[in-house]
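Colleague: Spelled out, the chains give:
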Amino acid sequence: MSSEQQTSLQEKQFMHKIKAEEKIEPKDWMPEKYRKNLIRQISQHAHSEVIGMQPEGNFLTRAPSLRRKAILLSKIQDEAGHGLYLYSAAETLGISRDEMIEALQSGRAKYASIFNYPALTWADMGAIGWLVDGAAIVNQVSLQRTSYGPYARGMIRICKEESFHQRQGYDIMLTLVNGSPEQKAMAQDSLNRFYWPALMMFGPHDSESAHSAKSMEWKIKRETNDDLRQKFIDQTASQIEFLGLEHPDKELKWNEERGHYDSGEIDWDEFHNVIAGNGHCNRQRLEHHIKAHEEGAWVREALVAYNAKKQAKQTEAA
Amino acid sequence: MQDNALELFEVFIRSKRGLDHKHVGSLHSEDHEQALEYARDVYTRRSEGVSIWVVRSADICASQEDDAEDFFDPNDDKPYRHATYYTLPDAVNNM
Ligand SMILES: [Fe+2]
Ligand SMILES: [Fe+2]
Numbered sequence: 138m139s140s141e142q143q144t145s146l147q148e149k150q151f152m153h154k155i156k157a158e159e160k161i162e163p164k165d166w167m168p169e170k171y172r173k174n175l176i177r178q179i180s181q182h183a184h185s186e187v188i189g190m191q192p193e194g195n196f197l198t199r200a201p202s203l204r205r206k207a208i209l210l211s212k213i214q215d216e217a218g219h220g221l222y223l224y225s226a227a228e229t230l231g232i233s234r235d236e237m238i239e240a241l242q243s244g245r246a247k248y249a250s251i252f253n254y255p256a257l258t259w260a261d262m263g264a265i266g267w268l269v270d271g272a273a274i275v276n277q278v279s280l281q282r283t284s285y286g287p288y289a290r291g292m293i294r295i296c297k298e299e300s301f302h303q304r305q306g307y308d309i310m311l312t313l314v315n316g317s318p319e320q321k322a323m324a325q326d327s328l329n330r331f332y333w334p335a336l337m338m339f340g341p342h343d344s345e346s347a348h349s350a351k352s353m354e355w356k357i358k359r360e361t362n363d364d365l366r367q368k369f370i371d372q373t374a375s376q377i378e379f380l381g382l383e384h385p386d387k388e389l390k391w392n393e394e395r396g397h398y399d400s401g402e403i404d405w406d407e408f409h410n411v412i413a414g415n416g417h418c419n420r421q422r423l424e425h426h427i428k429a430h431e432e433g434a435w436v437r438e439a440l441v442a443y444n445a446k447k448q449a450k451q452t453e454a455a
Numbered sequence: 018m019q020d021n022a023l024e025l026f027e028v029f030i031r032s033k034r035g036l037d038h039k040h041v042g043s044l045h046s047e048d049h050e051q052a053l054e055y056a057r058d059v060y061t062r063r064s065e066g067v068s069i070w071v072v073r074s075a076d077i078c079a080s081q082e083d084d085a086e087d088f089f090d091p092n093d094d095k096p097y098r099h100a101t102y103y104t105l106p107d108a109v110n111n112m
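Sequences listed follow chains Y and S, in order. Under our numbering, the first residue of the first sequence is numbered 138, with each subsequent residue one higher. Under our numbering, the first residue of the second sequence is numbered 18, with each subsequent residue one higher.
What the hints contain is simulated information worked out from the structure, not anything from laboratory work. Hints are not guaranteed to be accurate.
Computed footprint of chain S on chain Y; a stretch qualifies when at least three of its residues, placed anywhere within it, have a C-beta under 8 Å from a C-beta of chain S [stated by the list, open to error]: (1) 200-214; (2) 300-309; (3) 358-371; (4) 375-384.
Where a beta carbon is used, it is the ideal one built from N, C-alpha and C, also for glycine.
Kindly produce the complete structure, drawing on both the sequences and the hints.
Modeller: Pasting the structure below:
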């Protein structure tokens, strides 16, 4: 058999597994583009978890009570853990952690644009947990069924931890809307600023999405950007109403026939602009990541030195 | 008594694609390659698995059950890490 025939046979077997809803595991043969596509998506997801710690970390010393501070700290710790799960899943595809970090820091790899928006007030800690984690959950629940085994299992683990994130965020909003008029206004302002960027988290319309078709065929993605976004719009409408806040989308209207909310159009210019690097915080986020990484270099060096010393001792003893 | 026992290996089996490898037991073997074949013969006679991992038992580093209280303790006083800590009204309690 020629190597070409071999590849097409392997490709056939691969597609057969995908169609049969079987997972692809690290040692299985897979098309190079499937591998690349996954590395792109999983590492981007990992970077988002890690960069996402910055806007929240900024509020640790400004939490209104020790209790809120402990909760926020716990949530941020979870996000660091999610980054780890995802980097590890990507590493099973043959890319190293260093390569991924380098791609992030040089700007070749992306992370969720939402984290390029600044967190300005304590209410933003509420809106981020509720809306940003909420949107992430809708996406991650769907990805529990992704075709790559390690990614799917990582998603299952992450989803178990996420519910607390969204609830603590909503809990902050509830407290604010039941507080003084100023506090309620702060919650409204935060909702206004985060609602649309949260919708953008689902990516461009299906008709505009470059990676979508192949990702759906390979079952890396299980639902389209627009379908996931619709789910989020639907579930969020009643949550906004319950808070007694004004909905930021003035065109939002229940569509009896569709069984969904119709909604206004996203400002796609803003979306593309932030992706292109012109958001409020793009530069700051990367600079901070690089700074933290460089300042932590001595820890990594110490670990390697300690390891070498221990091994030298062991050979000496042997 | 002459000590000619072979080394102990731990066996992990993935029962179905997409699931984690689960520990199923151990066996004696002269090396990894043989351990894989032995594991196939003794642990998957009824197609219990689609993939096997074997690990030298001596290479497994385990936490001590006796120390579990100290080892895991710091997490017990953080109830706010659980979703159930936040009581939300029924209308929005599905998050
Ligand atoms: Fe997360
Ligand atoms: Fe989260």
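Colleague: State for each hint whether it applies.
Modeller: Hint check results:
no., hint, verdict
1, 200-214, "holds (count 4)"
2, 300-309, "holds (count 7)"
3, 358-371, "violated (count 0)"
4, 375-384, "holds (count 3)"
Checked against the numbered hints given earlier, this structure breaks only hint 3.
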